[in-house]
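**Q** Add chain B to chain A, keeping to what the hints say.
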Amino acid sequence: MLTAVLSGFGGAIAAPWLHRFAPRYAGWIAALLPLALMIYFISLVPAVAGGEALRFSYAWVPSLGINLSFRIDGLSLLFALLITGIGALVLIYAGGYLANDPMLGRMLMLLLIFMAAMLGIVISDNLISMFVFWELTTISSYMLIGYKHEYEKARKAALQSLLVTGIGGLTLLAGVVLLGQVTGTLEISDMLTRGEVVRAHPLYSAILALVLVGAFTKSAQFPFHFWLPNAMEAPTPVSSYLHSATMVKAGVFLLARLNPVLGGTEVWQLSLTAFGGATMIVGSFLAVQQTDLKRILAYTTVSALGTLVFLIGIGTDEALKAAMVFTLSHALYKGALFQVAGSVDHETGTRDITHLGGLRAAMPITAAAGMLAAISMAGLPPLFGFIAKEVQYKATLKEPILIGVALVTNMLTVVAAGLASLRVFFGQPAHTPKHAHEAPLSMWLGPVVLALAGLGAGLLSAQVGNALIGPATSSVIGKAKEIELLLWSGIEGAAGQALALSVVTLVVGVGLYQARSIFGRIAAAAAPLAPWGAEGWYQRIVDGMLALAAWQTRMLQNGYLRFYIGLIITTTLVLTTFMLIVGRVAITVPADWADVRIYELMVALIILAATTFVIRATSRLAAVVGLGFVGYGTALVFLLFSGPDLAITQFAVETLVAILFVLVVYRLPRFGNLSTTGARVRSAALAIAGGALMTLLTLVALASPTESRVSEFLAENSAPRAFGRNVVNVILVDFRGFDTMGEITVLGVAAIGIYALLKLVLAPEHDEHKAAEAPSGDGVPRERAETIDV
Amino acid sequence: MEFIWAIVIGVLYAAGLYMIMRRSIVKIILGLSFLGYAANLLIFVVARLTRGNPPLVPNGAEAPIPPYADPLPQALILTAIVIGFGVQAFTIVLFRRAYRSCGADDIDELRTTEH
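Going line by line, the protein sequences match chains A and B. Take the first sequence: its letter number 249 is residue 1179 in this note's numbering, and every next letter is one higher. Take the second sequence: its letter number 69 is residue 81 in this note's numbering, and every next letter is one higher.
Here chain A stands alone, though its shape is the one from the complex (with noise of 0.2 angstroms):
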């Protein structure tokens, strides 16, 4: 099951060299890894049907209980065959598409890194290993949007889906920790059978708020739907799979994922059916005022994930299965109708259905398979539009309410199939830019097959729910549960009402669709409250953002070196001694003078003195031999305590630095004194502070006791088993060898960095000799001989 999930990465690697070496038939190679994987999971089907879950588990953090573990069941296995099989088809698709598109490889391996990457999402069993492959799916998106990246409009569609799913992951991994700490699992076959743990926990609203966020961002629900259309800029294949059939659903899809865990409450089922239900009515709307085909697409994709998650809502076992109806028709017959557009785009040159018309004469199989999914799109018998629409209005016939909100979007999704078909294939053929011609089979290929699946799943009703619908539902659900799928129920009861819901939604839609102008003037009147929708607010958003990060720049990156140490010191002041007070950090270092020897204060004092004679020196001469003075003191306080490695290498690295800086600092300058006073006194107000905050800390840590088996272990092992007396040089060379090899290329690389400094030659020269050069380039070796002494 890991390889399932992995071959598709695998393939992505190969997708641009298949593209080099076949261009021809890239896209038909590449749909046989889809193809594959879609048969090995239909060879599940049967043992999930009868009720049992696949599940295999490789360990990945366990220390963090993140699991690359995988689980089958009903609804997953649902999705999987959705993903592959649509992914196969859309393959094919692309290589016809951009046949001509040197970047074809490219959209191919990203078409199947998306493919991996939501087969991932849909069979996870670990939350975190699942939110791994929702971000990735983020990431394929944003780049499949962005593929005709030399377009600004394509560029800023794509940025503004990563943007908005971007956030909802962000929520989402938030949800996700909180659930897993108040359940204290991550994988969700166990979390499914604690709902009332998390139900009944305090955190349970602030756990659904923060995984809402992330389904309905990424499932385009109101007020994220905005992104959806734009989203349309990516090549059509990638609309027909990415934004109809699967990522999209990635939402919906988690939210039945989580519905035994979090469903169920009063908020659960306002929420969804609230936001569902203004998601629908919103996105049919829009989309009845669109002309382009794409956008008129997009936005029935909107209303029909808004259906999803309202169905979800409602939560009873008739909602529910009236969800996973209507995830399968509506995947199959809106994938195909992205593929009939794309085709007509490709073949008139314009998908503006005011200038389309009477294509069926020159396309006919693509008007018909387009004619077919429309049809099931509006609902008619026997497609299996037909029964998931039946199903819906049994789902929401106990509320009037509810019975209104799918009437609506019902209606308008009818004049919206009517829009995407009849206008465009039917009528007065229009003058197009481009000469129209059918597809090629390739083009043609995937709307037939997949308006040809509507239509028999519509007439094997019964078996398509007995085999994917039932263990999909049940898994929503969380326990086992038989369900009935028929085209045709009767006219008695609940049948009966939805079936006269059903005649009423067509004869009002299609009364609609013969007065679809008026449509046309609402847009035209809406259009000044654009800037007030939604997406205005995003563009507020964004500019408030970008305004914002400007000005913080503008204020601490002002290019002024001392602000940035003054802003790291002030940083660090305040909240060590924030922590000092907090933690009550007591000092307790007395001050013993009886212990301190004479000499030992001398070289005390010299050290201070030489520091204050450098800070008030006005020849770098001078300070230069201050400096020496600081260094050699350091040099002695390793020698007085038992350091005589330290010391050695102090005073020679003290003796090159003193060589060094005369030969340099000979050629330099004068010292001036270049800050104003003020600036002086500030940092000097802040530089003893921070002084006096490392007095403090040095004496907080010598209060604390210190206990070291390391350095025990290392002494003791020396001479046995590292064959040194000197344990200092043992661990340079020995215990710590690896670390010493890695300063010795440090060192390496200053050295070639210093040679290629002084060597480099930038016009216009000043003067130049190569006198400073001698000291760098032999010292680093000369060092390192005398400190290891093996």
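Heads up, some of the hints might be wrong.
[Unchecked claim] Pair by pair, the computed Cβ-Cβ distance ranges are:
id, chain 1, residue 1, chain 2, residue 2, range
1, B, I95, A, G1513, 30 to 38 angstroms
2, A, A1539, B, R63, 20 to 28 angstroms
3, B, D120, A, D1282, 56 to 64 angstroms
4, A, R1514, B, R63, 28 to 36 angstroms
5, A, G1513, B, D120, 38 to 46 angstroms
6, A, L1690, B, I95, 50 to 58 angstroms
7, B, I95, A, A1539, 21 to 29 angstroms
8, B, I95, A, G1474, 40 to 48 angstroms
9, A, T1500, B, R63, 34 to 42 angstroms
10, A, L1497, B, I95, 21 to 29 angstroms
[Claimed, not checked] Which stretches of chain B does chain A cover? Using the computed rule of at least three CB atoms under 8 angstroms from a CB of chain A, they are:
id, segment
11, 13-27
12, 36-43
13, 57-63
14, 71-84
15, 92-106
[To be verified] A short list of chain A residues far from chain B (calculated; beta carbon distances all over 10 angstroms):
id, residue
16, P953
17, I1331
18, P1363
19, K1364
20, P1370
21, L1382
22, A1397
23, E1412
24, L1442
25, I1495
26, F1508
27, D1525
Hint data in this document are derived by calculation from the structure and do not stem from the laboratory. Treat the numbers as computed from the prediction; the structure is a model and nothing was measured. The C-beta atom is built at its ideal place from N, Cα and C for all residues, glycine as well.
**A** Quick look at chain B alone, frame taken from chain A:
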């Protein structure tokens, strides 16, 4: 006896911080040296000071005779001294280069990549 060195460390830090907040690049390099001394001494002192008993294993013995100085911080400081030297040498030469190219000793004049 460590408390005296805690004060010395504080003064060295203060000197280093003050110097790296100057505009003259030479002073900034001197400031880096001060910070290096301060950090090395900090590690050395915090590990507790031991007089006259370096971590050496006498001939015939298996381990140093306690109470010996802690060898681990010494090894760390040795590394730090040498790396500090590399950094210093590099900064000095970098400064020489920058001064010869731009003729500026004032870091405030080095705010753009153009002349």
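**Q** Against each hint, give a clear statement of whether it holds in the structure.
**A** Each hint tested on the structure:
Distance hint for I95(B) and G1513(A): a CB-CB separation of about 32 angstroms, consistent with the stated range 30 to 38 angstroms. In this structure the supplied range 20 to 28 angstroms holds for A1539(A) paired with R63(B), their Cβ-Cβ distance being about 24 angstroms. Taking 56 to 64 angstroms as the suggested C-beta distance range, the pair D120(B) and D1282(A) conforms, at roughly 59 angstroms. In this structure the supplied range 28 to 36 angstroms holds for R1514(A) paired with R63(B), their Cβ-Cβ distance being about 33 angstroms.
Between G1513(A) and D120(B) the Cβ separation comes to about 39 angstroms, which falls inside the hinted range of 38 to 46 angstroms. A hinted range of 50 to 58 angstroms is violated for the C-beta pair L1690(A) and I95(B), which are about 23 angstroms apart. Remark: the range hint 21 to 29 angstroms for I95(B) to A1539(A) is upheld by a beta-carbon distance near 28 angstroms. Checked against the hint of 40 to 48 angstroms, the pair I95(B) and G1474(A) passes, with Cβ atoms roughly 45 angstroms apart.
Between T1500(A) and R63(B) the CB atoms are about 39 angstroms apart, so this pair conforms to the stated range of 34 to 42 angstroms. Checking the proposed 21 to 29 angstroms range against L1497(A) and I95(B) shows it holds: the Cβ atoms sit about 26 angstroms from each other. Given as covered by chain A, the segment 13-27 of chain B passes the check, having 15 residues with a CB less than 8 angstroms from a CB of that chain where 3 are the minimum. Coverage of a stretch by a chain is defined here by at least three residues with a beta carbon nearer than 8 angstroms to that chain's beta carbons; for the segment 36-43 of chain B and chain A the count is 5, and the condition holds.
Using a Cβ-Cβ cut-off of 8 angstroms, 7 residues of the segment 57-63 of chain B lie near chain A, which meets the minimum of three, so the contact claim holds. Interface restraint, the segment 71-84 of chain B with chain A: holds (10 residues with C-beta to C-beta distance below 8 angstroms; minimum three). Residues of the segment 92-106 of chain B with a Cβ under 8 angstroms from some Cβ of chain A number 13, which satisfies the need for three, so the listed coverage holds. Listed as outside the interface, P953(A) is consistent with that label: its C-beta sits roughly 44 angstroms from the nearest C-beta of chain B, beyond the 10 angstroms cut-off.
Under the 10 angstroms C-beta cut-off, the non-interface status given to I1331(A) relative to chain B holds; the minimum distance is some 64 angstroms. Listed as a non-interface residue, P1363(A) keeps its Cβ farther than 10 angstroms from every Cβ of chain B; the least gap is roughly 48 angstroms. Every Cβ of chain B is farther than 10 angstroms from the Cβ of K1364(A); the closest lies at roughly 50 angstroms, confirming the non-interface assignment. Listed as a non-interface residue, P1370(A) keeps its Cβ farther than 10 angstroms from every Cβ of chain B; the least gap is roughly 53 angstroms.
For L1382(A), the shortest C-beta to C-beta distance to chain B comes to about 63 angstroms, beyond the 10 angstroms cut-off, and the non-interface label holds. Remark: the non-interface label on A1397(A) is consistent with the geometry, its nearest Cβ contact in chain B lying 66 angstroms away (cut-off 10 angstroms). No Cβ of chain B comes within 10 angstroms of the Cβ of E1412(A); the nearest lies about 70 angstroms off, and the non-interface call holds. Every beta carbon of chain B lies more than 10 angstroms from that of L1442(A), the smallest distance being close to 63 angstroms; the non-interface claim holds.
At roughly 5 angstroms from the closest C-beta of chain B, the C-beta of I1495(A) falls inside 10 angstroms, breaking its exclusion from the interface. Taking the minimum C-beta to C-beta distance to chain B, about 19 angstroms, the non-interface status of F1508(A) holds against the 10 angstroms cut. With a least beta-carbon separation of about 5 angstroms from chain B, D1525(A) fails to lie farther than 10 angstroms from that chain, contradicting its non-interface assignment.
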